[in-house]
Structure formats: structure tokens, C-alpha cells
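Going down the list, the protein sequences come from chains A and B.
Residue 120 is where the first sequence starts when you use this note's numbering, and the numbers rise one by one after that.
Residue 14 is where the second sequence starts when you use this note's numbering, and the numbers rise one by one after that.
Hints should not be assumed to be uniformly reliable.
[Said to hold, decoys possible] Here are the in silico distance ranges between beta carbons for each label pair:
#1 B:VAL268 x A:ILE132: 23 to 33 Å
#2 B:THR88 x A:LEU224: 36 to 46 Å
#3 B:THR141 x A:ARG214: 38 to 48 Å
[As the list claims (entries may be wrong)] Partial chain A-side listing against chain B, Cβ under 10 Å, derived:
#4 LEU167
#5 ALA284
#6 SER287
#7 CYS288
#8 ALA290
#9 THR295
#10 VAL299
Because the hints were derived from the structure by calculation, they are not lab data.
Note that the coordinates shown come from a computational prediction; the quantities given were computed from them, not determined experimentally.
Ideal placement from N, C-alpha and C gives every residue a C-beta, glycine not left out.
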Amino acid sequence: MISRAQRLLFWSIVWFCIAILSVPTIIVVGASVTAGNIITFPPDGFSLKWYGAIAMARDLRQAFGRSVIVSLICLAVSVPVGTLAGIALTRFRLRFANALQVYLLLPFTIPLIGSGIGMMLVFGNWGILGSVWPVGVALAAINIPFIVWSVSSAATALDGDLELAAASCGAGRVETFLHVTLPGVMPGVITGGLLMFVLAMTEFLVSLLLTDARTVTLPVQIYNNIRSIITPDLAAISSVFVVIALLAVWLLDKLVGLEIFLKSK
Amino acid sequence: MNESSSAGATRARVPEPETTAVRVRDVTMDFGSGVPAVDRASFDLEAGKFLTILGPSGSGKTTLLRMIAGFQKPTSGDITINGKPVDADPPHRRSIGMVFQKLALFPHMTAAENVAFPLKMRRFDPRTIPDRVKGFLDLVKLVGYGDRRMHELSGGQQQRVAIARALVFEPELLLLDEPLAALDRKLREEMQLEFRRIQHELGVTTINVTHDQREALVVSDRIIVMDGGRIQQHARPIDLYRQPHNSFVAGFLGVSTFIPGEAAEGGLTVGALQLSGTHSSRIAAGEPARGAIRAEQIRIGPTPDSLARCDTKLAGTILDVIFEGERLLYVVEADALPGIAFHIYHHDPESFDLYQIGAPAAIGWNAQDMKIFNAAV
Numbered sequence: 120m121i122s123r124a125q126r127l128l129f130w131s132i133v134w135f136c137i138a139i140l141s142v143p144t145i146i147v148v149g150a151s152v153t154a155g156n157i158i159t160f161p162p163d164g165f166s167l168k169w170y171g172a173i174a175m176a177r178d179l180r181q182a183f184g185r186s187v188i189v190s191l192i193c194l195a196v197s198v199p200v201g202t203l204a205g206i207a208l209t210r211f212r213l214r215f216a217n218a219l220q221v222y223l224l225l226p227f228t229i230p231l232i233g234s235g236i237g238m239m240l241v242f243g244n245w246g247i248l249g250s251v252w253p254v255g256v257a258l259a260a261i262n263i264p265f266i267v268w269s270v271s272s273a274a275t276a277l278d279g280d281l282e283l284a285a286a287s288c289g290a291g292r293v294e295t296f297l298h299v300t301l302p303g304v305m306p307g308v309i310t311g312g313l314l315m316f317v318l319a320m321t322e323f324l325v326s327l328l329l330t331d332a333r334t335v336t337l338p339v340q341i342y343n344n345i346r347s348i349i350t351p352d353l354a355a356i357s358s359v360f361v362v363i364a365l366l367a368v369w370l371l372d373k374l375v376g377l378e379i380f381l382k383s384k
Numbered sequence: 014m015n016e017s018s019s020a021g022a023t024r025a026r027v028p029e030p031e032t033t034a035v036r037v038r039d040v041t042m043d044f045g046s047g048v049p050a051v052d053r054a055s056f057d058l059e060a061g062k063f064l065t066i067l068g069p070s071g072s073g074k075t076t077l078l079r080m081i082a083g084f085q086k087p088t089s090g091d092i093t094i095n096g097k098p099v100d101a102d103p104p105h106r107r108s109i110g111m112v113f114q115k116l117a118l119f120p121h122m123t124a125a126e127n128v129a130f131p132l133k134m135r136r137f138d139p140r141t142i143p144d145r146v147k148g149f150l151d152l153v154k155l156v157g158y159g160d161r162r163m164h165e166l167s168g169g170q171q172q173r174v175a176i177a178r179a180l181v182f183e184p185e186l187l188l189l190d191e192p193l194a195a196l197d198r199k200l201r202e203e204m205q206l207e208f209r210r211i212q213h214e215l216g217v218t219t220i221n222v223t224h225d226q227r228e229a230l231v232v233s234d235r236i237i238v239m240d241g242g243r244i245q246q247h248a249r250p251i252d253l254y255r256q257p258h259n260s261f262v263a264g265f266l267g268v269s270t271f272i273p274g275e276a277a278e279g280g281l282t283v284g285a286l287q288l289s290g291t292h293s294s295r296i297a298a299g300e301p302a303r304g305a306i307r308a309e310q311i312r313i314g315p316t317p318d319s320l321a322r323c324d325t326k327l328a329g330t331i332l333d334v335i336f337e338g339e340r341l342l343y344v345v346e347a348d349a350l351p352g353i354a355f356h357i358y359h360h361d362p363e364s365f366d367l368y369q370i371g372a373p374a375a376i377g378w379n380a381q382d383m384k385i386f387n388a389a390v
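Model the full assembly from the supplied sequences, consistent with the hints where possible.
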């Protein structure tokens, strides 16, 4: 039996954690609905005028649009690569499997500022720095371990005999992949894909190095705005990010269920 | 090549029955560890028969099954199914249904979709698929469960889906890779009888792999006992039990007591003691040999004189008494054979609880039940 005092202690810890985790979000969302002209919490009255303001601001809207494009390009690159790599690393006996694994996790070991500068130099050399798509490719490269991990853990959880069973049912290699392996790891693909999308939407450091005035993405635009004058519209944009993240989590729950996070290996 | 000429010689010696469904010739699998996992295995299986490959873990039985399925390529040797060599065929080109140890059902499909999968992959006429799936779900007694997903089915129901999926395309051969090993005893015995019923109903040639001697005896028409990668004996269940070829087979099925000694004319010499028995193969007198006697073939009584119908009688002491429900297991040491613990089953309802630990008792058996094996094998 848990005593009264223990119960009290546990619940205070729980509420403390919940409070610590949600305070930044509450402050940002609170500050975004202020009726005043300076960013403050608690808000000075209630108004949605700053949401109106960001909706009307052309630079923010364009930056948001570019961020969406960058994220979609990142998905288009990372989902096929991450899925195939994740499956290959767990389902097949590969030569150099360990080396390959280290290579795919390399982006984690290099500081973002390092990979950012490296890519800036290479992209500059190739003369592709002024476009939006290289940013998407770059974000796919630095975040690829997330989707590789997510797909690998789904593939590890699959019964090792599934592919053999498909073969004894008469399925060739391609049919086995399409009908059995891929649907089997789909929860991992969806999880990894949503993660890649949200990470690309919010990535700042590498994007800062790879964009210029014509190609800024939303996080970089926000940074530019902070440097001039801090107004509540920044809180409103941040709240939009919070909503996007919540949408991603909701979608994940609808599509694959959140248990995959709770029991992921 | 050497293999083909020796296989040819075998073919010439043994007249080939027309209905041979599976022919395995000198199949060897060497993973390179020095000892082959399967060492020159050869057998024929008649169409429609249920064969069990029985052996302890590491005996090579699963490797042999996987080579027949096509998942592993033999280092040497030939496998023929219905007269057709299959060595060059990948698994999906072989007409083999398989039930896996962990079932390997497709978790993202319903029961009916699992059963329909082989039909789609093997290009059956799409109009006939729903009826065929329904028929096979009916055969395995899963009517009305077609829409369930795998996690909504019990262990026994999942077994049935796996059987239906393996049989729905009417394969030439059904392989069972210890699918019952993980079930509890009651469900396992129920499913053993189900396998037998379905196999009889469809008449499909079946190869089953297990380490469970009871399962092998209950379900099979033929049993192959494997150990150390080699086939030790291939026989009908009753012959395997009653006429084991070597001491491994005698020890693996049932409970036997082994007596080391030297071969003698019509029996075994242990020190100064002469025991009469039946030689299972020719052993020259004086060679090391082992006698084996089954627990149910030894009689027990208060004194040697009370064992009237036995031709070998020994006085001894009760070492242990183990109650097993339907019978008692006595462990007895004979005065003339110190160090050997005789295991004796006793299930006479008239005299159930006769002896206590430490009490004197006599044991006896008949010479025909004492099998003498070459100790070197």
C-alpha cells in the first residue's frame, strides 16, 4: 500500500513536471493574445490582433510557405532513404553493417554549426546557394538518424520469419517487400516522417547558414525580426509552431497510436 | 560427381515406389564450423504420409526442414519433390506450405486476408478466392473469424489461421516447424489431434519437426530420429519405440535404464554377472556394449521368488519413489549392480503404495526386453 504521504509526494512531483514542461508554452500562447503593443505575460487584455498581423505580414507568410516547401523536400528525400536504410540495417545481414550504421548516425556526432558551414561551402561551390531546395536536402541529411532509428525499431519488432512466410506463400522479393515488409514497418515510417517534418519546420541553425534574404525560412525570419524589435507577433508565430507540433502528435495518434513511443526499443 | 554416382547406386538398390513425394539424397549442410549441421541425410517419404523429424535441439532437424523449404541451400545432396528436383528453385517457386514456429502471420492483415495472400501471390482466379478462403477457414473451424486481426485472436485461433494459410493453395507438401512448441500442454495436445484430422482430411504429404517425443508418436505415420546432424533411425512409431536401432534412440524415446558392460553370447557381461538380452546388431563377444531396459518392462516385487514370469531377477533397495499421478516411478539399485539406478514404472491398482525409500525389493525382466547396443555408437 502507498501511504498518504507517499501519494502526496508522487503527485507533487507529477504536477511539478507538468508545470515545468508547459510553462514556456503557456507564456508564449498567453503573450500572443495580448491587446497591448509590447510582449508581456500575463497578457495586457485579450485580442487576436497579432494573429491578424502575422497573417497580413508578407515576409512572414512567404517564409512560412518556404518552410513548408523545405519540409516537404526534406520528407521526399529522407523517407525513402531512411526507410530503406532502416530496413536494410535490421532485416538483412550486410557486409560493413556496423560501419554503415555509424555512417548514418554521423550527423549526430558533428555539431550543427560544423555541418552547416560545411554544407554552406559545398553548396556555394556548386552555385546552388540561392535556391530553396538545397535547404530541404540539407535538413534531410542532418536529421536522417531520426527516421532510420524509427524505422529500424519497427523492423526489429517484426517477426524474423515474416519474409520467409511470404516466400512460402509464393511471393517474390519485390512482392514480399511491398506486401509484407513495408506495411510491417509503416508505423515507424509514419512516426519518422512526422518527426522529420516537424524538425524541418523548426530547424534554425543550418537554415540560417544556407539561406539569404530571398530564401529565408520561418525560424530564420523570426530570428531576423527579434534582432530589430520584439513585438507580440513573434509570440503569435511561436504559437502557430506549437499548434503544428500538436497537429503532428494528433495525426500520429490517429495513424499509428502513441504506444509506439512508449514501447519503442 | 561423387554425390550423383552414389545417389545412382542407392536408386538401383532400392526399388522406387511410384508414390514417393519427397526424396532426400545425401543432403549435407556445413556452416563451416567443422561439424556439419546435417550430415548426409537420405530418406524417402510416400505421398500422403505424415513424417515427423524428431530430435533434441541442435540435432539438425530444423536445418533439414529449412533446406526442404528452400530457405537454405544444401552444401551438397539432392532434394526431389514429386519427382522434380527443386535444388534450383527459390522458396516461392516451390509448392510448399509452411507453418512457422512463431506462426509468422501478417499482423497488418485480417485472418481472411492472411489466408487469401498465397492465392493472390500464386495468381489464382480472383473470382474463386473468396469461396476458397471461406472453405479453408471452415476446415480449420474459424467460420466467422475472417475479419479479425491477429491480435484479436487467441493462440489456438492463430494456429488455425496459420494452418489455413499454409494449406489454402493445395501445396504438394506441408512443413510444420515446431508450431506447437509454445502452446500450453492442453492446447498442444488438442492441436496435435487437429493437425492429424486436417492432414487425414486433405491427404497432404506432411513433414513435421519437433523435440516432443509424445507429439511424434501421436501424430506421425513415420518418424525420423536425428542426432548430431545424422539420421539415427527412420521407422513407424511403434517400431521405433519397440525396436530402437541404437542406444540414442532407446534413450530419447521413453525412459530406459542403461547398463554398461561387455557383449556376450546371448547377452551382456557386467563384471562377474551374466545378463541375458537381445542384440540389436552384431557385436563381437567381449566388445564394449550397453544394455537398455525400459521402465515399463521391469517388474518389481518384494523378493526375487515373487517375480515368477521374469527370466532375470535381481535383489535390491528402493532409492526413491516418485508419484506421477497415473503411476509410480521407483528408482532401485540392485545389489549386484552398484551405481546403476533402475527406473521402474509401476501402475498396478491392487498394490499401489507398497515400498518406502530404503526398503528391500526385487526387480526382474525378460531377456527379449533387454536390448544390447554397441557402446561405440
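ask   = How about A:SER287: closest beta carbon in chain B under 10 Å, or not?
value = This interface hint holds because 4 Å falls under the 10 Å limit.
Q.
Hint A:ALA284 vs chain B: min CB-CB distance below 10 Å?
A. At 4 Å from the nearest chain B Cβ, A:ALA284 passes the 10 Å test, so the hint holds.
Once the shortest beta carbon distance from A:VAL299 to chain B is found, is it less than 10 Å? This hint holds: A:VAL299 lies near chain B, its Cβ roughly 6 Å from the closest one there, short of 10 Å.
- [ ] Tell me if A:LEU167 is really an interface residue toward chain B, meaning its C-beta lies closer than 10 Å to one of theirs.
- [x] violated (44 Å)
Exercise for review: Look at the Cβ atoms of B:THR88 and A:LEU224 and judge whether their distance stays inside 36 to 46 Å.
Suggested key: holds (37 Å)
May I ask you to test the interface hint for A:ALA290 with respect to chain B, counting a Cβ-Cβ separation under 10 Å as satisfied?
-> With a minimum Cβ separation of about 4 Å from chain B (threshold 10 Å), the hint on A:ALA290 holds.
Quiz item: Per the hint of 23 to 33 Å, is the separation of the Cβ atoms of B:VAL268 and A:ILE132 within bounds?
Solution: Violated: the Cβ-Cβ distance is about 59 Å, outside 23 to 33 Å.
| request: Let me know if the C-beta of A:THR295 comes in closer than 10 Å to any C-beta of chain B, holds or violated. | output: A:THR295 check passes; min Cβ-Cβ to chain B is 8 Å, inside 10 Å.
Item to check | A:CYS288 as an interface hint toward chain B, with CB separation required under 10 Å | outcome: holds (4 Å)
### Message
Given the hint of 38 to 48 Å, is the C-beta distance from B:THR141 to A:ARG214 inside that range or not?
### Response
holds (45 Å)
Taken one by one, the earlier hints fail for this structure at numbers 1 and 4, listed in ascending order.
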